[in-house]
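S.K.: Sequence:
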Amino acid sequence: MNARTEPALLSQLSNRHLDALEEETIFILREVAAAFERPALLFSGGKDSLVMLRCAEKAFGAGRLPYPLLMIDTGHNFPEVTEFRDLRASELGAKLIVRSVEDSMARGTVRLAHPGESRNVHQSVTLLEAIEEFRFDALIGGARRDEEKARAKERIFSHRDSFGQWQPKAQRPELWTLFNTRLAPGEHFRVFPISNWTELDVWQYIDRERIALPSIYYTHQRQVVERKGLLVPVTELTPPRDGEQVQTRDVRFRTVGDITCTCPVESTAATAGDIVIETLAAEVSERGATRMDDKTSEASMEKRKKDGYF
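Position in the sequence shown (from 1) plus 891 gives the number in this note's numbering.
Check the hints yourself; a few may be wrong.
[Claimed, not checked] Calculated lysine-lysine pairs in the DSBU-like style (CA-CA distance at most 30 Å, straight line): (1) Lys1040 x Lys1060; (2) Lys1040 x Lys1119; (3) Lys1044 x Lys949; (4) Lys986 x Lys949.
[As the list claims (entries may be wrong)] Label-pair ranges, simulated between beta-carbon atoms: (5) Arg1132 x Lys986: 41 to 47 Å; (6) Glu1023 x Ala1061: 20 to 26 Å; (7) Pro1064 x Asp910: 24 to 30 Å; (8) Pro1064 x Glu1157: 39 to 45 Å.
Keep in mind the hints are simulated off the structure, nothing from the lab.
No residue lacks a Cβ here, since even glycine has one placed at the ideal position from N, Cα and C.
Could you put the whole structure together from the sequences, leaning on the hints where they help?
M.R.: Right under this line is the structure:
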């Protein structure tokens, strides 16, 4: 697409469906507040959690969130994102709880196979420890069904047993937005209010609502190496390997996670509107294009979710 056709296409793209998606998300956020005693909203400072936060502001009013924000920090997060997380929580006057994988390592509940191992998968242990510490009975997350096959299987109100495990064959039906929120002692729910959104919906909403995001979601120059079809950022945690050529490219991040498993994509998109246009032409899901941890096997995400992952 050339520079002349892109604005014209953007002006023709309808976003009226966003009202229905926003209404559903607000309904679910209010349902969680009404049905559970100790819920929390998982907040990483990423685009999906920022969209949920905007809907929560509309649901309850600015500065009146009925549940705290919870972040599980691997210690290997992009500084632009964690700084933005703290800034946004402060602006809202929201209580922000941060629990670290490094603390779990100090307790001996997380043991790395080697010092360079990604800590991303180990977030499950720290999350389950936080659930036990605060006795959370519902955690609100920003996962969407279009991201990955295992997430497409999951209900909006996803039941977890007393071990924090997800059983895909033992899920409760959700008919006519009637949610079964019964819990036995020690059990909890993961709730996904934007399950029915797509990546395109998220960016259209960000564009419409003028939601501020960490800078790495937009084009910037970064040193990268090509590895297994991905652009791996060159950092202290992800140095180039022998024979790899370091290049400086114009990139952005479609999704943001642990530095050791999150890759950017080549892009010159400087605004949310530019990204809407790029997303229309994308042939690979955001996780498929950017996440090294989903490349280990076809069922890698489903296995992690069964063990308590987000």
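S.K.: Hints first: check each against the structure and report whether it holds.
M.R.: Okay, the hints, checked on the actual structure:
no.: 1; hint: Lys1040 x Lys1060; result: 15 Å, holds
no.: 2; hint: Lys1040 x Lys1119; result: 21 Å, holds
no.: 3; hint: Lys1044 x Lys949; result: 28 Å, holds
no.: 4; hint: Lys986 x Lys949; result: 18 Å, holds
no.: 5; hint: Arg1132 x Lys986: 41 to 47 Å; result: 42 Å, holds
no.: 6; hint: Glu1023 x Ala1061: 20 to 26 Å; result: 22 Å, holds
no.: 7; hint: Pro1064 x Asp910: 24 to 30 Å; result: 27 Å, holds
no.: 8; hint: Pro1064 x Glu1157: 39 to 45 Å; result: 43 Å, holds
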